[in-house]
Amino acid sequence: NNFDSASKYLDEALLLKPDLYEAVYFKGVLMHFQNRCGDFINLFEKIDKTPINRLNLLLSNCYLELNKNNESKIFFDYSNKDIVEDYDLVAEHYFLNGDYLEAKEIIYKNPLSYKDPKYLLLISNIFIAEGNIDEARKQALEAIEISKQPKIPLYIEEGQKLIDEIDIILKD
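Counting from 1 along the sequence shown, just add 552 to a position and that's the residue number in this note's numbering.
Please note: incorrect hints may appear among the correct ones.
[What the hints assert, rightly or not] With a cut-off of at most 16 Å between alpha-carbon atoms, the simulated EDC-like pairs for lysine to aspartate or glutamate come out as follows:
#, residue 1, residue 2
1, 661, 637
2, 661, 634
3, 560, 574
4, 661, 640
5, 667, 694
6, 656, 668
7, 598, 623
8, 661, 638
9, 656, 640
10, 670, 697
11, 713, 697
12, 598, 571
13, 690, 717
14, 690, 654
15, 656, 687
16, 656, 634
17, 625, 651
18, 670, 638
For the record, the hints were derived by calculation from the structure and aren't laboratory data.
Turn these sequences into a full structure, and let the hints guide you.
This is the structure in structure tokens:
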């Protein structure tokens, strides 16, 4: 599959240049989408703060998903939270910490968030956590629709998982 092919090429790049932060970041993105943050973190003997802001934020969020709050805080505090291109990861951090209001504020600060499936999926998760199931469904369906042209299977799958989760909630 595409994840395996991409992962293979990133592994080859990292063999040639282990400190190629961009490759480390994309490897982390792949593993994060596969719910393998623990495996991503365990790839390294020691993880230091990096010059790549998105990588620091990704590491912070992976640590949060592993309930390693102290490690998460180190990378989050080191990161610049004012880069618009990184708002998705900043908002995800606040969401993972249970600060839904701050997460939504970050999302809405990006003027293009309503067109971006990753933001729509995140806001859908926030609405689920807040119990606003109707709005969660609406956002997930919008993310799926936007992901159809150009076709982005990753976001379509993620959106469908959310719709399935919402359907289960509505049955209970």
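Discussion item. So, against the hints stated earlier in the document, which numbers end up violated here?
Written reply: 14
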